[in-house]
Amino acid sequence: MRTIPVIQEILSANDELAQENRERLNRAGVLAVNLMSAPGAGKTSLILRTAQALRGQLRLGVVEGDVASQVDADRVAAAGLPVVQINTGGGCHLDANMLRAALGRLPLEQMDLLIVENVGNLICPASFRLGEHLRVVLTSLAEGDDKPQKYPDLFLQADAIVVNKLDLEAYLDFDRQRFRKLVQAMNPHAALFELSCRNGEGVEAWTTWLYQQRQALLARLNP
Amino acid sequence: MHELAVTQRILEIALEHAHQAGAQRIGAIHLVVGDLSSIVDDSVQFYFDYLTPGTIAEGARLTFQRIPPRCRCRECGTEFAPEPGILWQCPACGAWGGEVLQGREFYIESIEVE
Chain F
1 MRTIPVIQEI
11 LSANDELAQE
21 NRERLNRAGV
31 LAVNLMSAPG
41 AGKTSLILRT
51 AQALRGQLRL
61 GVVEGDVASQ
71 VDADRVAAAG
81 LPVVQINTGG
91 GCHLDANMLR
101 AALGRLPLEQ
111 MDLLIVENVG
121 NLICPASFRL
131 GEHLRVVLTS
141 LAEGDDKPQK
151 YPDLFLQADA
161 IVVNKLDLEA
171 YLDFDRQRFR
181 KLVQAMNPHA
191 ALFELSCRNG
201 EGVEAWTTWL
211 YQQRQALLAR
221 LNP
Chain X
1001 MHELAVTQRI
1011 LEIALEHAHQ
1021 AGAQRIGAIH
1031 LVVGDLSSIV
1041 DDSVQFYFDY
1051 LTPGTIAEGA
1061 RLTFQRIPPR
1071 CRCRECGTEF
1081 APEPGILWQC
1091 PACGAWGGEV
1101 LQGREFYIES
1111 IEVE
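Heads up: the protein sequence lines correspond to chains F and X, in order.
FYI, in our numbering the residues of the first sequence are 1 to 223.
FYI, in our numbering the residues of the second sequence are 1001 to 1114.
Possibly wrong hints are sitting among the right ones.
Derived DEER-like restraints, expressed as beta-carbon distance ranges [said to hold, decoys possible]: (1) Ala78/F <-> Glu1109/X: 47 to 55 Å; (2) Glu169/F <-> Leu1101/X: 31 to 39 Å; (3) Leu221/F <-> Val1040/X: 35 to 43 Å; (4) Lys150/F <-> Arg1072/X: 20 to 28 Å; (5) Asp1049/X <-> Leu172/F: 39 to 47 Å; (6) Ala101/F <-> Ala1028/X: 34 to 42 Å.
Treat the hints as calculated values from the structure; they're not laboratory data.
Glycine included, C-beta positions come from ideal geometry on N, C-alpha and C.
All chains, please: the whole structure from these sequences, using the hints.
Here it is in structure tokens:
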């Protein structure tokens, strides 16, 4: 028996594909957002609100990741957006290869912004880069203010943290001050937005930030 | 949860390196796994036993060198090992969070072949 040194990252194949996706998105000038949350936090609702608010400013395309069904893609398509549904068939996350296939079915040249709705899961999506420019974690008042402590990896990697369902505040025990302090300490680089997809409160700050991020990407790509 | 796909990749990498070395059999695969990588050893072992029959890795031993997480407090700079259950609280100043220094590793360090 002899020992052969390997030292190879097991997820390196995914990372290489993610890099290819990123280059393809850059060539088209499309800012890509990997939107991650638990099931039911309101990812699809946030996408629809975002599309509405950015109409006339940014052209949005969407990739929907779910274990099964076309439900989300139908909602997004009904809003007139280009959308590709990925069914992972039991898989707990999207990976770069899945996104690569989806990119080939989207009109990237007619888009400015891509939102990839990951599978509802606060654990596995944290480990797989897709080629996105921004990682956004969505949570909601109904989930409680302790989620960053329980699922630190996702929150530590986030470029932005969005808290949804502000309209339910009167009915829930979510301590917004405590949550802000927690994420500020854990990840001071993350932008924090609190909003309601139901009544639209706070959405503008989020979409303004997205618009600025796209401008910043273009400035980086065409200095 | 995604250990099947990950184990397939481990096997592919190991077979590739064994093949390059002209090996007839893989006796062991040594993995380095950070505790923050959300990889469950038993689950990898389970899928490995399922995937390897008929390959030169059949019967190979998997070893897992676990790397505990280490953080640096953003407030006071203290380096500490976050304990399970009370993750990310600095023992010196009590601040939440911290920059991750180690614990995300996930790679094959070496394989033993003959």
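Now the hints, each set against the structure:
The hinted window of 47 to 55 Å between Ala78/F and Glu1109/X holds, with their beta carbons roughly 51 Å apart. Between Glu169/F and Leu1101/X the beta carbons are some 37 Å apart, a value that agrees with the proposed interval 31 to 39 Å. At about 40 Å, the beta-carbon gap between Leu221/F and Val1040/X stays in the expected band of 35 to 43 Å. Between Lys150/F and Arg1072/X the beta carbons are some 22 Å apart, a value that agrees with the proposed interval 20 to 28 Å.
Checked against the hint of 39 to 47 Å, the pair Asp1049/X and Leu172/F passes, with Cβ atoms roughly 46 Å apart. Judged by the Cβ atoms, the range 34 to 42 Å given for Ala101/F and Ala1028/X holds: they are separated by roughly 36 Å.
Of the hints listed earlier, there is not a single one the structure fails to meet.
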